[in-house]
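Asks: Chain by chain, the residues run as shown.
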Amino acid sequence: MTNSSTNMRLKLPITCFILEIILIILFGVLVVYDHDTDAKLFNKNMKINNSTAGGHSGHGSGTSDDTDYRNDFYYRYPSFQDVHVMIFIGFGFLMTFLQRYGFSSVGFNFLIAALSLQWATLMQGFFHGLHEDGKIHIGVESMINADFCTGSVLISFGAVLGKTSPLQLLIMAVFEVTLFAVNEFILLSILGTRDAGGSMTIHTFGAYFGLMVTRILYRPNLEQSKHKNSSVYHSDLFAMIGTIYLWMFWPSFNSAVTAHGDPQHRTAMNTYYSLAACTLSTYAMSSLTAHDGKLDMVHIQNAALAGGVAAGTAGEMMLTPFGSMIVGFLAGIISVLGFKYLSPILEAKLKIQDTCGVHNLHGMPGILGAIVGAVTAAVVPKEVYGNGLEKVFPDVASGERETSDQAGMQAISLAITLAIAIFGGLIVGFILKLPVLGAPRDNACYEDSVYWEVPGEEHHEEELNAVRTEETEHINS
Amino acid sequence: MTNSSTNMRLKLPITCFILEIILIILFGVLVVYDHDTDAKLFNKNMKINNSTAGGHSGHGSGTSDDTDYRNDFYYRYPSFQDVHVMIFIGFGFLMTFLQRYGFSSVGFNFLIAALSLQWATLMQGFFHGLHEDGKIHIGVESMINADFCTGSVLISFGAVLGKTSPLQLLIMAVFEVTLFAVNEFILLSILGTRDAGGSMTIHTFGAYFGLMVTRILYRPNLEQSKHKNSSVYHSDLFAMIGTIYLWMFWPSFNSAVTAHGDPQHRTAMNTYYSLAACTLSTYAMSSLTAHDGKLDMVHIQNAALAGGVAAGTAGEMMLTPFGSMIVGFLAGIISVLGFKYLSPILEAKLKIQDTCGVHNLHGMPGILGAIVGAVTAAVVPKEVYGNGLEKVFPDVASGERETSDQAGMQAISLAITLAIAIFGGLIVGFILKLPVLGAPRDNACYEDSVYWEVPGEEHHEEELNAVRTEETEHINS
Amino acid sequence: MTNSSTNMRLKLPITCFILEIILIILFGVLVVYDHDTDAKLFNKNMKINNSTAGGHSGHGSGTSDDTDYRNDFYYRYPSFQDVHVMIFIGFGFLMTFLQRYGFSSVGFNFLIAALSLQWATLMQGFFHGLHEDGKIHIGVESMINADFCTGSVLISFGAVLGKTSPLQLLIMAVFEVTLFAVNEFILLSILGTRDAGGSMTIHTFGAYFGLMVTRILYRPNLEQSKHKNSSVYHSDLFAMIGTIYLWMFWPSFNSAVTAHGDPQHRTAMNTYYSLAACTLSTYAMSSLTAHDGKLDMVHIQNAALAGGVAAGTAGEMMLTPFGSMIVGFLAGIISVLGFKYLSPILEAKLKIQDTCGVHNLHGMPGILGAIVGAVTAAVVPKEVYGNGLEKVFPDVASGERETSDQAGMQAISLAITLAIAIFGGLIVGFILKLPVLGAPRDNACYEDSVYWEVPGEEHHEEELNAVRTEETEHINS
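Quick note, the sequences are listed as chains A, B and C, same order.
Going by our numbering, the first residue of the first sequence is number 1, and it counts up by one from there.
Going by our numbering, the first residue of the second sequence is number 478, and it counts up by one from there.
Going by our numbering, the first residue of the third sequence is number 955, and it counts up by one from there.
Some hints here could point you the wrong way.
Listed below are the simulated DSBU-like cross-link pairs for lysine-lysine, each with C-alpha atoms no more than 35 Å apart in a straight line [claimed, not checked]: (1) K228/A with K826/B; (2) K294/A with K488/B; (3) K1180/C with K1387/C.
Per the computed footprint, the stretches of chain B lying under chain C, defined by three or more beta-carbons under 8 Å from a beta-carbon of chain C, are [as the list claims (entries may be wrong)]: (4) 495-506; (5) 699-709; (6) 715-724; (7) 734-742; (8) 749-755; (9) 799-810.
Ranges of calculated distance between the beta carbons of each label pair, as one might list FRET restraints [to be verified]: (10) G1340/C with A397/A: 55 to 63 Å; (11) G1340/C with L10/A: 41 to 49 Å; (12) F900/B with L350/A: 54 to 62 Å.
I should point out that these hints are in silico values taken from the structure, not numbers from a laboratory.
Here the structure is a predicted model, which means the values were calculated and not measured.
Note that beta-carbon positions come from the ideal geometry of N, C-alpha and C, so glycine has one too.
Only chain A is shown next, with the shape it has when bound in the complex (with noise of 0.2 Å):
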């Protein structure tokens, strides 16, 4: 045992079994199967239905009852696996650019996911999901609302990437989801908001957290790790499987939590209108904005993702695709903007570091996203919606308010999210210095080396050459 602080033997250890025990318990006494997991619920008609439906049923397995197409899992599992894709292998190797923090990347990502999904299963269960018997019942939706709030930790672990210790992250992590489910709370459940792909409740939350948890826990010195703070040509092509994986599924993520039928449909549709036209101009704003006209792998990286964030909040609506790519078209400028100019700025004058840049790809094209979605609410004749406005704005459907009502309401979610954002944000990088928390030292940051057992290098051309000769050997004797 040593006494420096990035030793993680006993703290690594202790701090994962005590919150895992402590998830467990929690599970154990509050959490029960939702009634399209439970074998008993799901299936307690399955004689009258078959009795009144008549045969159609058992071709095949035998098992297949007349109902079971009807099982959210038929509707929601494709998306929720590619929305899973986004978060572990998305942002996971997204994060893989830096030259030496490969590992972490993927790995602290891998770590803090699977935490913030249990933790997730908790916190939103307990603020929309108690049913009268007091339990949180949980089937495939809350898994998507899990990985969703999921993502917003992950957002903000991309502001503090390189910087902090995987017990920082731990930590940073059970205080975010938590304050996420309340943001969450306030939005859908009580102000009654829409927010199906989370430009609000995800993307500008997480970011904007993590852009306050990276200021207070601001390095002057880290030019010491400079020089580690960028990318390699192999690590970049790492971090484009991130990308392409998050731009494919975007409109899974989108529309995973959308109502069944049109909704899912629509928004998924609109989400790749969107993306598509994000990547145009964000290729062409590269290029614009660099001397020589080359293109930059950082804006590709992210900022071609921008449609999908700006296209969050209103995808479900009847956006149509024309508006989607006006959407995208704008959200892929304004990041590539972000990127080359602002960052700096942000950097240089309010002292945030942000490694990853996701003020550029997830904080304003959330806000882009949050206003698009008030916007459309307001501008679109609830006649447009017919039969289907209960499906995207139930709260109109049923009169309790105006579309102008909803707009406003919109409005108001997005200042809600932004103030517990950044003051959760504020509260919790405190909490973060805390030195036995570990963080790396300023000469030590973007390093796999200080919490990894990292390889030495490979030296092929020496060992191959020894086998061929070898082997030319054997084949000539």
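Given the coordinates of chain A, assemble chains B and C onto it according to the supplied hints.
Replies: Showing chains B and C alone in chain A's frame:
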């Protein structure tokens, strides 16, 4: 601003912006939601259904309608996402095999795909889908078709890989998408040809179009870049990511737009077995054609996929797994032989510099697939299909034509496809010769740094040792 | 032609061709489409349904039949594709951690998987699925089962990784698939054991089979290749691609062949929470067992997956998320301890050279999963399942046996699996010792260049500088 022709600073942004703005305007004028993505249309019978069907709905989300599960989204969206992965990860990473062209392979793939899918939506909608209201109605099936058309452009990209500027690629994409839509319209709408997985419309078309383009763009002095037209160890591993994703999801590709029910199911299964058989013959041929019996990554990365291409037309027919395996087996053999013996001849004699060997992966297997489709249509009696005939051969089911007529149409369609592809590629090749488009010089092909900011190399060991030393000192202090 | 035993020029092609031709012939004789893939069978009631159900169908594609959504394709194909990704990307890339064995890891994985899934279709069909017509009827469920069987072979591959020729692996696959099918038949068909996610049939079987094979192939002089039996920085990142995909899609793996409806849903969710808990305990144990508290990539890459293995039997039961998390938590602990302390003992004392540590990832967690399955079957009262009992324990629901009998069967099944795996691995190990099979020499293990054309190394900087210089000159001229 410099006068170097490869400087894209104004050309690329202007082109991207103009194209995207045109796309947005045309979408605004022409494109509307289809039945399954429009809130009003999809839910117009909601109340009627509820009253007649009586109360199945409503457990869980409260928004589940009695017919939500009939939305085409649930039949096709998982397949769409698999196709999407093939287009962006599959094609993109397959081409990263070049040692210094990974940014361009993934990045240009990303750019031209994002453009093509938007343009394809319009072109395909214009030819196949204009409704009585003069609008293009879109949903998940049009997204899949747009991705398919994009795939064709990316095949052509493979032929010219490393030798073109992003501007040339954008121009090529605009023309190729248009011609693709014309050819597809002639085949599917006028002739009633069946080609669900696109052996003809996608693979044969894309390959021969690209081969003609690269023929016109012939570079006699390309050997100046020869040392970069090869792989390194890790670039071959990145390429395998592309290969494996293409291989795994090809069953989804071929089945994505077939009729609901058995055809989707059967097509996926036929393709699965075709690919498995193809993999065995590819490994066998790769080893057999090497003087020392060693496997060649080029073959594994490409030829193992030929079974998917060759099952693209007949996959939805009653080809049987047995037939599919024969087709895949032959496709693998043909493809490896093409890489080994035909490609060098094409380059030396016909001046066709086919970077990725698309003739071997898409060209010949595409023709094989077209022939297999015609033969299968001819030899399988229509009784084998029973009531399912109209899902596969609607014109035969309606009595409009016999299976032999269908087979004839399939064969004619191959000839038409080849003609349009070759003639189109010829014209477009000449257009791409415009010097203003900024092609790289002969000694700067296969090189990312012409169009990309490329990071420096890592210096792991030194830094690592520095950190370790400091760490140790810190611990001991 | 040389006389080096590792030259595969004739052996590998001949073996591949003969195996594939046998497969094709047997498929021609024995395999037919099942109800849901056959055009005639699936649509035989099409008209009757249309007339009775009355006009729901037909919006959109025109080919949508009233019962198309009941095709098993829509229940299982998304899960199938997730499993497929696990088999080809997950297993393939997980094994790329070795510095110079990436081509073989992904490439041999690809080859033996493509063979195994075809052979498995026949063997499993022969044992479980022969219909009254003497044919094997196949559809998406048989594809999943074939992939499952393939997974077992790939687990065994992990034990011998780096020490076998592709020819040895093909021979091993043929025998192992056969024995897998025998064991699976005894368990699932004769004993009525439940093992949807294959804790026993896939993981325990594959692990102990592979461990016996590697025991028989023991190499006393393997330290001659020791310097290559380790990772480098980027190979560990490639391996994380495999890990994360396995981790994400394990819920699909365990639920892919469970009954429709709640069991699929519940299994996926149980596995999700088991894996999350396992990840926390893996990180904790990895740090705790390192003298400097640093995380070890070997543990993260492997032990974090043990929660999926351990939930393979009980996942479909009413295990509850609480129970699942306890299981995952324990699995992670056991697995890390195995890597850290047991593997060295197995190698030193029992002469078991287990390259990937499959005993720690699949062996012990598989046994744990089997035990958890037996205990869960015993302790959860059948009333908890209500009408859903027949989907999980059909023999209990039919009154044929009690839950305690079921539990007994589960326990007996573990013993049978271990017996067949160990005895089978013993025999097959001796077969693989045949010198003609071309195993690599002791000093050429873990080395791609024995069986693959391996490209030279890049020389980035020089070339890059050359290009930059020329570029600059050109611009200035």
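Asks: Evaluate each hint against the coordinates.
Replies: Each hint tested on the structure:
| no. | hint | result |
| --- | --- | --- |
| 1 | K228/A with K826/B | violated, 50 Å |
| 2 | K294/A with K488/B | holds, 11 Å |
| 3 | K1180/C with K1387/C | holds, 21 Å |
| 4 | 495-506 | violated (count 0) |
| 5 | 699-709 | holds (count 5) |
| 6 | 715-724 | holds (count 5) |
| 7 | 734-742 | holds (count 7) |
| 8 | 749-755 | holds (count 5) |
| 9 | 799-810 | holds (count 4) |
| 10 | G1340/C with A397/A: 55 to 63 Å | violated, 35 Å |
| 11 | G1340/C with L10/A: 41 to 49 Å | holds, 47 Å |
| 12 | F900/B with L350/A: 54 to 62 Å | holds, 59 Å |
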